[in-house]
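Model the full structure from these sequences, guided by the hints.
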Amino acid sequence: MIGEILAGVFLGWISIAILTGQTFTFFGFTLTFPALDYLSQEFDFLADIGILFLMFISGLSTSLRQLKSMGKTSVYVAIGGIIAPLFLGFIAGISFGFTRMDSIIIGLILIHAADGVRVRNLLDSEVLTNK
Numbered sequence: 001m002i003g004e005i006l007a008g009v010f011l012g013w014i015s016i017a018i019l020t021g022q023t024f025t026f027f028g029f030t031l032t033f034p035a036l037d038y039l040s041q042e043f044d045f046l047a048d049i050g051i052l053f054l055m056f057i058s059g060l061s062t063s064l065r066q067l068k069s070m071g072k073t074s075v076y077v078a079i080g081g082i083i084a085p086l087f088l089g090f091i092a093g094i095s096f097g098f099t100r101m102d103s104i105i106i107g108l109i110l111i112h113a114a115d116g117v118r119v120r121n122l123l124d125s126e127v128l129t130n131k
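In this text, residue positions in the sequence shown follow this note's numbering: the first is 1, and each later residue adds one.
Treat the hints with caution; some may be incorrect.
[As the list claims (entries may be wrong)] Using C-beta positions, here's what the derived DEER-type ranges look like: (1) 102 - 63: 35 to 41 Å; (2) 2 - 70: 25 to 31 Å; (3) 53 - 97: 32 to 38 Å; (4) 65 - 5: 31 to 37 Å; (5) 121 - 47: 19 to 25 Å; (6) 70 - 28: 56 to 62 Å; (7) 65 - 121: 18 to 24 Å.
Read the hints as simulated data drawn from the structure, not as lab findings. Virtual Cβ for every residue (Gly too), placed ideally from N, Cα, C.
Structure representation (structure tokens):
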């Protein structure tokens with residue numbers, strides 16, 4: 001996970017420059033990329049498809065027997081995975097001067113963003129398996 005974060009930091013500025021229509025010159029060659037509209041329906045559709053595939057893969061890898069055997073622990077983790085991002089997002093929003101409604105929305109966004117990270121961590125650590 002740390003390697004992916006570092007790769008994202010390193011490649012992020014290159015990707016953003018490419019996606020925003022910057023012009024690059026490498027060894028005498030000039031590359032001009034078209035700017036993407038992040039608010040377009042196509043971009044939103046691709047983002048939704050990515051989340052759909054991630055959740056589908058995690059659903060296929062979930063073992064209900066293993067989940068039941070963990071009992072209350074799995075319930076506490078699931079509830080904490082919703083309440084903690086919501087609460088921390090709300091507190092961060094209020095701290096930065098957003099309204100209460102905006103702060104709640106920030107918390108809800110963090111719940112959604114945290115799902116992908118949790119699923120990826122569980123898949124990488126092989127906790128989610130096809131058993």
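Hint check:
1. The given range of 35 to 41 Å is respected by residue 102 and residue 63, whose C-beta atoms sit roughly 39 Å from each other.
2. Our hint of 25 to 31 Å for residue 2 and residue 70 holds, since their Cβ atoms are close to 27 Å apart.
3. Residue 53 and residue 97 have their C-beta atoms about 37 Å apart, which keeps the hinted 32 to 38 Å range intact.
4. Restraint check, residue 65 to residue 5: a C-beta distance of roughly 33 Å satisfies the suggested window 31 to 37 Å.
5. Between residue 121 and residue 47 the beta carbon distance is about 20 Å. The supplied range of 19 to 25 Å therefore holds.
6. The hinted range of 56 to 62 Å is satisfied by residue 70 and residue 28, whose Cβ atoms lie roughly 60 Å apart.
7. At about 21 Å, the CB distance of residue 65 to residue 121 agrees with the hint of 18 to 24 Å.
Of the numbered hints given earlier, the model fails none.
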